[in-house]
Structures are given as C-alpha cells and as structure tokens.
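Chain order of the listed sequences is A and B. Be aware that the first sequence starts at 842, since it is given in the numbering used here, and climbs by one per residue. Be aware that the second sequence starts at 924, since it is given in the numbering used here, and climbs by one per residue.
Just so you know, these hints were derived from the structure itself, not from any lab. Quick caveat, the model's predicted, so the values are computed rather than measured. Beta carbons: idealized from backbone N, C-alpha and C, even for Gly. Wrong hints could be hidden among the right ones.
To be verified - Derived CB-CB ranges, DEER-like: (1) A/1095 to B/928: 32 to 42 Å; (2) B/929 to A/934: 46 to 56 Å; (3) A/951 to B/927: 32 to 42 Å.
What the hints assert, rightly or not - Here are the computed lysine-lysine pairs in the BS3-like style, where the Cα-Cα straight-line distance is at most 30 Å: (4) A/1032 to B/972; (5) A/1202 to B/1016; (6) A/1081 to B/991; (7) A/1032 to B/925; (8) B/972 to A/1177; (9) B/925 to A/1102; (10) B/991 to A/1177; (11) B/973 to A/1102; (12) A/1019 to A/1201; (13) B/973 to A/1177; (14) B/998 to A/1160; (15) A/1032 to B/973.
Each chain, written out:
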Amino acid sequence: MGKNFGQSDERVKKFLGEVGQGEEAMVEMMLTLVQALEERDEYTRGHSERVATLSVAIGRELGFDAKRLETLRRGALLHDIGKIGIRDELLYKPGSFTPEERARMNQHPEKGHFIVLNSHLLWDLIPMIRNHHENYDGSGYPDGLESEKIPLEARIVSLADYFDALATARPYKEPFSKERAVEFVVSMSGKKFDPNVVKAFLKIADKFYAEHIQNLRPPTEMPSTASLDEQVFEIESEPKHLGPLRERLQHFLERTGLPAKTQEEIQVALGEACTNSIRHSYLNQPGRKIQVTAQNQEDKAVFKIRDYGKKIDLEKLQKPELPPTKPGGLGIYFMKTIMDEVEYNTGHTEGNELILVKYKKGKPS
Amino acid sequence: MKIELKRDEQGVHFIALQGDLDFHSSPELRTEFVKLVDGQASKILVDLKKVAYIDSSGLATFVELFQKMKRYSGKLILFNLSQGVRSVFEIAKLDSIFRLANNEKEALSLIS
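With the rest of the complex left out, here is chain B:
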C-alpha cells in the first residue's frame, strides 16, 4: 500500500491511498493514523481513488480513526470511493456514519 500525506496552509491533512486495503496493509495505515491522532489532526481528507479493495480490517482502521477523532471533535471525510469500496461501506452500514464525498471539491466544502 502506498500512503501519501500532505498538509495545506489551513491545516487540512490529505491522505492519498494506493493499493488494496486488507489485513496485510491495514496495520501500516493504522500506524499513520495513530500519528495523526497523536498530533490532534482536526481535519483529515482521505482520497480512496486508487483503492480497489477494502475488507473488514480496512474498515476497522477507519472506524478506529473516526472514534478517536470524535473525542477531540476532529472531522474525517473520505472521498473518491470506487463502487466496490463503497458497497463494502454500505454492507457494514458505515455509509451513514462516515462522511463520504464524491470528489475532492465536495470533500473540501464539507470540511471547511
């Protein structure tokens, strides 16, 4: 899994993921998330355009991040979900909990 991190002047963290998010790659992503939460990152946007596959451990990684960010009122938006990835969120009924945006523009407007 490739994880690209950047931060803009407004303090919004962009995370672009590339590859499959499964039991193999989730721990790596979790490590990055833990760092962001430790730094009290208040706005996180995750670009899932290049993620074709996600399983329950991938979802669990996002659930954990979401719960931790809630404690300090951080905002998390996921965007550019492929149909397959979106359907996994839907099966877990997580589409109603997470803010899922169609594209970066929409994600930015939701977070500011």
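So here's chain A without its partners, still in its complex pose:
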C-alpha cells in the first residue's frame, strides 16, 4: 500500500479524521516511518495496521480513554520500526535463524527506540516500540522486564503482534486457524502475556478475526514447503553452551503445544543428543558446530541433531544397567525412552545426524 501519493493522501485523511486537525506534522512523520518500513518489508504491509486495530480494541476493553487509545494506536503502528535497521538477508530469511542472526534480529526494538528518539513528538510511543518483546514472566527482551514493570501499552502490543503473526501467513508457515491461534495465546497467559490483557483480548478476538483476518486467507493451499514451522539452533561444542541452548529451545517447545512435562523431558533428550556430539563425536574439542533443527509439524515435533565430527556407532555405546550402578550409557537410553522415534541418519559422509521425533497425540501404531 502507499505506492503513490494518491494512496498516501488517503491514509493521511484517514489518520487526520481520527486525530483531528493540528497534528499534521506528527501524522505525516508517522506515515513516513510506517511507509518506510513497509517498503522495506513486504510482510509488514497490513500487519502494523492490524496490530494497531487489535491493540486499540484491547485497550478499549481495558477502559483506556480516547487520548490513551490514540497513543496506543500510534505506538502499535510503529512497533516494528526498528526493523528498518535489520539487514535484508536477515529480514527476508524464511524461518530459521542461527543464534547470531537471532541476536541481531532481536535488536530491532532498541533500534526502533533510537529512531523515534529523534522526534519528541514520538517519545510517548517508546514503551511500545522498545518493550513489545518483553514477556510477562520476565524472559523477554531487550530489558527482561517482568509483569507490571512492562508498560501496559507494550503488553497489549505484544499480544496483538503475536496473535496477528500466528493467524496470518508467513513465508515459512501457513496461518494458524483462529481456534489454534487463540488457544496458543491462552496457553501463554501469565508466561508470555499479561493474564488481564489475555482476558480483554478474548472478549474481542472473534470480532477482530472476522473483520480483519478471515478475508486475508489465501484462496488456495500454500505449497507444502511453506507450511513448516522450523527453527535452526546452532551451538559450539562446549558444555557451557548447553544451558543457553535449552533456553532458546524452550520458546520453540512452547509453540508445539506439547504438555509441560513432555517439554521438560524433550529438553533432556535433546541435551543428551548434544552432549553425545560434544563427548563422542568431537571428543571434547571446543569450537565445533552442532546444529539442532527443530520442526513443529501438525502431528509431531521433529528434532535433527547434526554434528561434523567422528562417526559414532550408537549400538556400540555402552548399554546401561537399570537402575544404573555406574556412570555412562544413560544418554542414549534417555533419548529412546523419552522420544517416540530415535533414528540415525546414515546418509551423511561426515559427522552424525540423530533424528528425534515426538508425536503430539501418541505414537501411531
């Protein structure tokens, strides 16, 4: 949208209609910024406006007055403005990021903060731009703020942003159904999202979806390659990287909808697989790469653990007595007990690849 001045004019009128006269400078500046971002990132088109609409609907449920709603709407429109500062190859990369890429991508709230800092007219919007990736439980970024310490406006934009991302198509995933997207938001209440914001959202979710998302659905099925929710995690072959890897995997595991206990057990199985690579494949040699490719499929979660070290014959690894009376051999036993399938990909000429599968509704017979 906004490919020519005529269209921009329409948008100016639309915005002015809502904010009244006398704020032209502010509105024009905002539009310039929104449009700059949309020119950069095609996927953002429409997204910012839907996030703004949804945020305002939630704010209204929470009893915001007109002035506060307007600030909320503007902040929501500009929440991703920092993505202007993200390199093309990252911005357009479908789905999977390496840890370094993820870290760079996660700088966009701070970059956005720096951008709007240049105009005092936009300072009210900073909380929504800087803090829309904070999580209610304190696990978000960039400030790791917790619960009420996260500005309420940012808590609202966070939910609206996430819901819209789930419910609409991305280069790397099909849209979730309304039910599944709503269910996900509810499952993250108190963790990622403020329970009160979730409550307000539930009151208006159906209406918002019907009016703003329903008609976006592509008429035809997307190609199957686009339906994959996949993330690649890469660590170096040192034990100290295992903990941070677990933290990153946790966000992925939460998306699978598997029970919390199963998520915890999968963490153990994946930890064992990576430990295996560190100890037996790389022989405790630091600085080598281990990649974990995680796929959230409709009926199962799949994890591929890939290293490039010495070939391991899993069958030759020590078999544990149970209960164990001496150390060793437990790792592979854990993988096999926790996961529904453990396969060794024999197709690689170098290194090892383990494929671990967990079915969401029990292993099919």
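With chain A fixed as given, assemble chain B onto it according to the hints.
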C-alpha cells in the same frame, strides 16, 4: 551452578544446589562430592529445590556418590525434587535406589 555447603552439630552435611545440573555443571558438583567422600561424610542431604533440570551426567554424579558412600555405610538423601527432575530419576529407575524425600523435615527424619 551454585553449591552451598553446611554442616550441623550432628555432623549432617547439607548441600543446597541452584541451577541446571548438566554436562557443564556436573564436574563442579562431582569435585565437591569427592571432597565429602574423602572426608568419609556419613550423612549427606541434598536440597534440589532450585534445580530445574538434570541430565544423565547429573544423575551419574549422584550414582557415583551413592556407590562410594555405600562402601562406608554412609547415608544419602535427596529432597525437594521438582516434577521434572523427579521424572528423570524415574525414567532411569533411580527413584527406587535413592532415598527421595519430599522436604527437609522428612529428609532429616530419614537420616537420623
């Protein structure tokens, strides 16, 4: 991993652990255990309240301590296990070997 050690007048060693117990942190814990075994510590209570994650190398560290203490008839009790940590003990069928107590009070009553 944070390891807090104390000893009461009855000679019971309390070890409170904080953090994940994995291939990274296990060697550090093992070092502490080796010292205790060298000193023939006869009663050891391990508080796992603040341990959210344990893997096979963490278990192996406890198995080793358990085996060594058995030689001099020492007693080892683990308590305050989170659900996730307990399920790892269960998968390895170690819940039947180790004395696992629900809380400190129960752990103390088991050891005296």
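Verification of the hints:
As the Cβ distance of residue 1095 of chain A to residue 928 of chain B is approximately 35 Å, the hint placing it in 32 to 42 Å holds. About 51 Å separates the C-beta atoms of residue 929 of chain B and residue 934 of chain A, a value consistent with the hinted range of 46 to 56 Å. Between residue 951 of chain A and residue 927 of chain B the C-beta distance comes to about 37 Å, which sits within the given range of 32 to 42 Å. Distance restraint check for residue 1032 of chain A and residue 972 of chain B: the Cα-Cα separation of roughly 21 Å lies within the 30 Å cut-off, and the hinted pair is therefore satisfied.
The straight-line distance between the Cα atoms of residue 1202 of chain A and residue 1016 of chain B is roughly 25 Å, inside the 30 Å bound, and the hint therefore holds. Our distance criterion of 30 Å between C-alpha atoms is met by residue 1081 of chain A and residue 991 of chain B, whose separation comes to about 28 Å. As the CA atoms of residue 1032 of chain A and residue 925 of chain B are separated by approximately 25 Å, the hinted pair is consistent with the 30 Å bound. The straight-line distance between the Cα atoms of residue 972 of chain B and residue 1177 of chain A is roughly 27 Å, inside the 30 Å bound, and the hint therefore holds.
Simply put, residue 925 of chain B and residue 1102 of chain A have alpha-carbon atoms about 25 Å apart, close enough for the 30 Å limit, and the pair holds. Between residue 991 of chain B and residue 1177 of chain A, the direct Cα distance comes to roughly 29 Å. Compliance with the 30 Å bound is thereby established for this hinted pair. Proximity of residue 973 of chain B to residue 1102 of chain A is assessed by CA-CA distance (about 17 Å); at most 30 Å being required, the pair is judged to hold. A hinted pair counts as satisfied when its Cα atoms are at most 30 Å apart, and residue 1019 of chain A with residue 1201 of chain A qualifies at roughly 20 Å.
A threshold of 30 Å between alpha carbons decides the hint, and for residue 973 of chain B with residue 1177 of chain A the separation of about 27 Å falls inside it, so the pair holds. For the proposed pair residue 998 of chain B and residue 1160 of chain A, the alpha carbon gap of about 28 Å is at most 30 Å, so the pair holds. Our distance criterion of 30 Å between C-alpha atoms is met by residue 1032 of chain A and residue 973 of chain B, whose separation comes to about 19 Å.
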